[in-house]
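Trainee: Work out the full structure, taking the sequences as your base and the hints as a guide.
Here the sequence shown is numbered in my numbering, starting from 19 and rising by one per residue.
Treat the hints as calculated values from the structure; they're not laboratory data.
Among the clues, some could well be false.
In silico lysine-lysine, DSSO-like type, Cα no more than 27 Å apart, as pairs [what the hints assert, rightly or not]:
1. Lys371 <-> Lys254
2. Lys232 <-> Lys95
3. Lys296 <-> Lys245
4. Lys212 <-> Lys296
5. Lys332 <-> Lys108
6. Lys245 <-> Lys332
7. Lys147 <-> Lys129
8. Lys52 <-> Lys194
9. Lys97 <-> Lys129
10. Lys379 <-> Lys333
11. Lys270 <-> Lys339
12. Lys108 <-> Lys296
13. Lys161 <-> Lys339
Computed spacing ranges between beta-carbons, pair by pair [claimed, not checked]:
14. Ala340 <-> Gln179: 16 to 26 Å
15. Glu93 <-> Gly403: 30 to 40 Å
16. Asp89 <-> Met19: 25 to 35 Å
17. Gly302 <-> Asp276: 16 to 26 Å
18. Glu79 <-> Lys20: 17 to 27 Å
All figures in this text were calculated on a predicted structure; none of them were measured in a lab.
Virtual Cβ for every residue (Gly too), placed ideally from N, Cα, C.
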Amino acid sequence: MKRVVVGLSGGVDSSVAAYLLQQQGYEVIGLFMKNWHDDSVTISNECPWLEDSNDALLVAEKLGIPFQTVDLSEEYKEKIVDYMFNEYEKGRTPNPDVLCNREIKFDVFMKIALSLGADYVATGHYCQKSEIEVNGETVYQLKAGVDTNKDQSYFLCQLSQEQLAKSLFPIGELTKPEVREIAAQMDLITAEKKDSQGLCFIGKVRLPEFLQQKLQPKDGVIIQIDKNDPVYSFEKEAELALEDSLMSDARKIPYTPDMGKVVGKHQGAHYFTIGQRKGLNVGGTTDPLFIIATNVETNTIYTGLTSQHPGLFKKALFVEKAEVHWIREDLALANGETMDVMARIRYRQPLQKATLHQFEKGMYVAFDEPQSAITEGQFAAWYLGEELVGSGVIS
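Mentor: The structure is reproduced here in structure tokens:
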């Protein structure tokens, strides 16, 4: 009988995952990950992890499976929280959920599970796994969940073959309403529970407040750049080599304060991200202002009117060589090779047609249509059909 450790989060998805595995004849153990216990940064006096671990315990009791809590807050602080602060200080926008899966759930947590004699680790992610044979070797595929509205394959875009080999995603072929229905039929306490929002770990902490505790506020100005600024009518030289042309498409526009007018003040450029529109508190504009760039060195935020401002769009992005990650190592590109894919630069973004270009220094992802708010530090993920084959950090 195969043993599976389920990461029970206290939500409906992992509850139903545990139940389904039980139905399939696995020996199931429930583990709750406690990733955070610095109460100084929770917003209200609710203690979310206590409530969640309690719900997880009740689900385990209902299913009659062993249950325990593991405290991973040390590893979490070191691998996720510290990393996030470093990234924000550099003016990048990290994705804690992708990292949490790569560094915590499918690494630290998986090692604990395997030490308990588990054959697999299971989570309540909406994605699917399958296997094929390539040159006599078993190769694992990570595929989108059946519920296109809830597909979470993107969050697992940094997993490796070794991690996938030991993973199970029991609810990947179900839709969210079906999952809730099973939970209701089983009378699980989590059946009606709302989906968790916010960081995958700190429960109800809001990001700016969390950041403010570590990053000191400092006053700076908000500059508005006109959409007809000459910087956007930049003509590429006709004879550029492919790599130079892609570099030009992916480049950061070098904004300076004298290119626009001051429209407001802010408390620190590192709190803001490209494409953001809320929280600027600049009134009196005809259309909403969107952030088109931030500069943490000069502590300046650059904005433009409307979501169609040319400063928001780019045709390509670059991933440094060390940050290119293939789930399907057998499909990795050699220098000079290209691949047509469907790609996304954030969770829930509809897939976009793109071409990967691998060079000595790294990879360019060139989109057929210009993309809005390509953000440094976030992950680009690329797919062949419904299979996620690789990903990388946008540089």
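Trainee: Against each hint, give a clear statement of whether it holds in the structure.
Mentor: Comparing the hints with the structure gives:
Pair hint Lys371 plus Lys254 holds up; C-alpha atoms about 23 Å apart against a cutoff of 27 Å. For the hint linking Lys232 to Lys95, the alpha-carbon distance of about 13 Å falls within 27 Å, and the restraint holds. Proposed proximity of Lys296 and Lys245 is supported: the alpha carbons are some 20 Å apart, at most 27 Å. Between Lys212 and Lys296 the alpha-carbon distance is near 24 Å, which keeps this suggested pair within the 27 Å criterion.
At most 27 Å may separate the alpha-carbon atoms for a hinted pair to count; Lys332 and Lys108 meet this at roughly 21 Å. A C-alpha spacing of about 14 Å is found between Lys245 and Lys332, which places the hinted pair at or below 27 Å, so the restraint holds. Restraint check for Lys147 and Lys129: satisfied, since their Cα atoms lie roughly 20 Å apart, inside the 27 Å limit. Taken as a hint, the Lys52 and Lys194 pair is honoured in the structure, with Cα atoms around 25 Å apart against an allowance of 27 Å.
The straight-line distance between the Cα atoms of Lys97 and Lys129 is roughly 15 Å, inside the 27 Å bound, and the hint therefore holds. Taking the CA atoms of Lys379 and Lys333, the gap is near 19 Å; set against the 27 Å cutoff, the hint holds. As the CA atoms of Lys270 and Lys339 are separated by approximately 19 Å, the hinted pair is consistent with the 27 Å bound. Between Lys108 and Lys296 the alpha-carbon distance is near 21 Å, which keeps this suggested pair within the 27 Å criterion.
In summary, the hint linking Lys161 to Lys339 is supported, as the alpha carbons are separated by about 24 Å, within the 27 Å threshold. About 19 Å separates the C-beta atoms of Ala340 and Gln179, a value consistent with the hinted range of 16 to 26 Å. As the Cβ distance of Glu93 to Gly403 is approximately 35 Å, the hint placing it in 30 to 40 Å holds. About 29 Å separates the C-beta atoms of Asp89 and Met19, a value consistent with the hinted range of 25 to 35 Å.
One distance hint, 16 to 26 Å for the beta-carbon pair Gly302 and Asp276, holds here, with the actual separation near 22 Å. Evaluation of the 17 to 27 Å hint for Glu79 and Lys20 yields a pass: the beta carbon distance comes to about 23 Å.
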